[in-house]
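> The whole structure should be built from the sequences, with the hints applied where relevant.
In this note's numbering, the protein residues as written are 1 to 528.
Everything labelled a hint here was simulated from the structure, so no lab data went into it. Please note: incorrect hints may appear among the correct ones.
[As the list claims (entries may be wrong)] Think about it this way: if two alpha-carbon atoms lie no more than 27 angstroms apart in a straight line, the pair counts; the simulated DSSO-like pairs of lysine-lysine are:
(1) K213 / K183
(2) K85 / K262
(3) K120 / K200
(4) K228 / K69
(5) K34 / K155
(6) K289 / K262
(7) K155 / K200
(8) K309 / K262
(9) K270 / K61
(10) K106 / K155
(11) K155 / K504
(12) K345 / K289
(13) K106 / K193
(14) K522 / K362
(15) K395 / K416
(16) K345 / K395
(17) K345 / K405
(18) K61 / K34
(19) K309 / K69
(20) K262 / K416
(21) K69 / K155
(22) K504 / K528
(23) K395 / K456
(24) K81 / K228
(25) K85 / K106
(26) K395 / K289
(27) K416 / K120
(28) K248 / K69
(29) K446 / K405
(30) K61 / K446
(31) K61 / K200
(32) K309 / K270
(33) K504 / K270
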Amino acid sequence: GEDARLYKAVEGISEFAISLGINVPTGKDSLSMKQKYKDEEVISPGTVIISAAAHCNDVKKVVEPVLQKNGDSIYYINISKDDFKLGGSSFAQTLASIGNEAPTIKDAFYLSSVFNTIQKLILDDQILAGHDVASGGLITTLLEMCFADINLGAKLNLTDLEEEDLIKILFSENIGIVFQGKKDSIIEETLTKNNIDFFKIGTVTETESLQIKHLYQNLELSIPEMRKVWFETSYLLDQKQSGEGKAKERFDNYVKQPLNFKFPDHFTGKLPVFDKNYSRPKAAIIREKGSNSEREMANAMYLAGFDVKDVHMTDLIEGRETLEDIKFIAAVGGFSNSDVLGSAKGWAGAFLYNNKAKNALKTFFAKDDTLSLGVCNGCQLFVELGLLNPEHQEKPKMLHNDSGKFECVFTSVEIKQNNSIMLSSLAGTNLGIWAAHGEGKFSFPKSENHYNIVGKYSYSGFPSNPNGSDFNTAMLADSSGRHLVMMPHLERSTFSWNWAYYPKNRKDEVTPWLEAFINARKWLEKNK
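Spelled out as structure tokens, the structure:
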């Protein structure tokens with residue numbers, strides 16, 4: 001039976017892909033996946049998993065699943081053209097059932113037409129918000145489009161969807177989309193011209209409730225209450241990984257740590273422009289086996305005016321690179337040597353126990369006209385080597401996050417008044433930034449006044465402070481301000497589209513984080 005089911009599935013996928021004009025470059029069956037026992041064999045249940053990829057012309061042309069208060073109507077398109085069916089749905093699973101009928105796609109060409117039309121509307125800036133209808137059905141889609149803001153809700157009428165059973169409308173997982181238009185007349189004219197059936201189902205409100213009318217039925221759901229229910233599943237899973245304490249703290253704080261940014265008054269958001277004859281200062285990326293983010297770091301340096309060299313540890317160990325002509329180095333993030341013995345321990349050992357690499361770094365830091373930056377794994381490296389506080393007998397340590405696991409979070413950092421070459425011009429700002437690490441907790445043996453802490457997480461509580469660092473530390477400099485380390489990734493946060501959220505009223509080419517690299521270049525030019 002499994003062979004026949006596999007054949008039927010492959011045949012269906014093939015015909016569907018051909019209708020869409022999409023190539024299937026590779027595939028694999030796993031019918032051999034089974035567990036053998038003495039008296040029986042248990043075969044893995046047949047499951048089709050499809051991964052898709054496509055070219056994207058402009059990463060800035062994206063639509064977020066967040067309804068906009070200044071937009072026009074909310075629309076629904078049933079791309080499947082099938083009846084509303086509950087088979088295989090999340091709703092059915094909650095009833096310990098699979099169901100008998102699952103929705104399918106009746107017309108592949110119609111799907112293609114809807115997709116291309118919606119893409120054109122996005123390109124023309126006519127769609128303000130959008131979300132697919134998938135796991136959980138239409139009701140989950142509509143609620144999720146209200147979760148990411150406050151004082152946001154919707155008033156909906158689903159009577160025209162040609163289905164009497166409201167449960168089927170809300171919970172069936174027919175392939176479809178919900179979107180909000182910028183101007184109704186343009187949306188409806190475009191869809192009609194392309195023979196696409198659509199339903200205008202409602203409008204956005206500022207009431208924090210989802211009001212649903214269907215025939216004689218009226219429902220009203222509280223957005224804050226449903227948001228809590230929605231997030232609770234993550235909380236229950238988090239308990240298994242982080243333990244009750246940190247899981248509960250994350251659950252309690254997710255609505256208490258809003259992103260409130262403060263940009264520098266002088267910030268223009270423009271990319272610096274350099275003449276082709278401009279003599280760029282030399283900078284170097286330092287990386288080890290297992291490093292990452294070197295491309296983002298090199299790009300930020302280059303955009304700020306540096307000539308960037310890629311330096312691997314083998315170059316330093318074997319003496320091919322001495323850093324003699326380099327004025328600015330950046331040790332990048334990642335998981336060097338797979339974090340064996342701890343984060344950056346092996347990387348530090350490569351410097352400590354190889355004379356050529358050790359002397360190159362020692363000579364570089366002995367100069368008074370050089371700058372350095374260590375981010376994430378690079379921060380752990382420089383802290384482990386004791387380069388930030390060489391005058392201290394007892395050095396800071398980088399410990400495992402308080403949650404006991406890897407944390408990846410878009411957070412924000414408040415830049416304090418400081419003497420850092422890279423960050424002094426950003427003092428008083430509060431900026432969004434990515435953090436992604438497993439051992440990012442600064443542990444200091446001395447009181448706060450012994451350290452040059454230049455940046456702190458905007459909230460001391462978890463998960464804004466993703467690691468539990470002493471004194472809420474995110475960024476640390478040496479006493480001279482020339483050497484800087486941080487666990488968050490400024491190099492991954494240099495463009496507005498890098499940020500998980502960026503203020504809608506800003507049209508910046510770059511974010512203020514690029515200014516840190518520009519400051520480094522200007523200081524080096526001034527101190528030749």
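> Run every hint past the structure and note whether it holds.
Now the hints, each set against the structure:
With a C-alpha separation of about 23 angstroms, the suggested pairing of K213 with K183 holds against the 27 angstroms cut-off. A threshold of 27 angstroms between alpha carbons decides the hint, and for K85 with K262 the separation of about 48 angstroms lies outside it, so the pair is violated. Taking the CA atoms of K120 and K200, the gap is near 19 angstroms; set against the 27 angstroms cutoff, the hint holds. For a cut-off of 27 angstroms, the pair hint linking K228 to K69 stands: about 22 angstroms separates their Cα positions.
Under the criterion of a C-alpha separation no larger than 27 angstroms, the hint pairing K34 with K155 is inconsistent with the structure, at around 50 angstroms. The suggested pairing of K289 with K262 is violated, with an alpha-carbon distance near 37 angstroms, which exceeds 27 angstroms. In summary, the hint linking K155 to K200 is supported, as the alpha carbons are separated by about 11 angstroms, within the 27 angstroms threshold. With a CA separation close to 33 angstroms, the supplied pair K309 and K262 exceeds the 27 angstroms bound.
A threshold of 27 angstroms between alpha carbons decides the hint, and for K270 with K61 the separation of about 19 angstroms falls inside it, so the pair holds. Simply put, K106 and K155 have alpha-carbon atoms about 30 angstroms apart, too far for the 27 angstroms limit, and the pair is violated. As the CA atoms of K155 and K504 are separated by approximately 24 angstroms, the hinted pair is consistent with the 27 angstroms bound. A distance of roughly 13 angstroms separates the Cα atoms of K345 and K289; the hinted pair therefore holds under the 27 angstroms criterion.
With a CA separation close to 21 angstroms, the supplied pair K106 and K193 stays within the 27 angstroms bound. Distance check on the hinted pair: K522 and K362 sit about 24 angstroms apart at the alpha-carbon level, within 27 angstroms; holds. Using a Cα cut-off of 27 angstroms, the hinted pair K395 and K416 holds, with the two alpha carbons roughly 23 angstroms apart. As the CA atoms of K345 and K395 are separated by approximately 14 angstroms, the hinted pair is consistent with the 27 angstroms bound.
Annotation: proposed proximity of K345 to K405 holds, straight-line Cα distance about 18 angstroms (limit 27 angstroms). Distance hint between K61 and K34 is unfulfilled; the C-alpha atoms sit about 45 angstroms from each other, more than 27 angstroms. The straight-line distance between the Cα atoms of K309 and K69 is roughly 47 angstroms, outside the 27 angstroms bound, and the hint therefore fails. Distance check on the hinted pair: K262 and K416 sit about 12 angstroms apart at the alpha-carbon level, within 27 angstroms; holds.
A hinted pair counts as satisfied when its Cα atoms are at most 27 angstroms apart, and K69 with K155 qualifies at roughly 12 angstroms. Distance hint between K504 and K528 is unfulfilled; the C-alpha atoms sit about 40 angstroms from each other, more than 27 angstroms. Taken as a hint, the K395 and K456 pair is honoured in the structure, with Cα atoms around 20 angstroms apart against an allowance of 27 angstroms. The straight-line distance between the Cα atoms of K81 and K228 is roughly 33 angstroms, outside the 27 angstroms bound, and the hint therefore fails.
Between K85 and K106 the CA atoms are separated by roughly 13 angstroms; this keeps the pair inside 27 angstroms, and the hint holds. Our distance criterion of 27 angstroms between C-alpha atoms is met by K395 and K289, whose separation comes to about 25 angstroms. The hinted pair formed by K416 and K120 fails the criterion: a straight-line CA distance of about 45 angstroms is larger than 27 angstroms. Between K248 and K69, the direct Cα distance comes to roughly 32 angstroms. Violation of the 27 angstroms bound is thereby established for this hinted pair.
A threshold of 27 angstroms between alpha carbons decides the hint, and for K446 with K405 the separation of about 26 angstroms falls inside it, so the pair holds. Between the alpha carbons of K61 and K446 the distance comes to roughly 48 angstroms, so the proposed pair goes past 27 angstroms and is violated. Taking the CA atoms of K61 and K200, the gap is near 24 angstroms; set against the 27 angstroms cutoff, the hint holds. Taking the CA atoms of K309 and K270, the gap is near 25 angstroms; set against the 27 angstroms cutoff, the hint holds.
For the hint linking K504 to K270, the alpha-carbon distance of about 16 angstroms falls within 27 angstroms, and the restraint holds.
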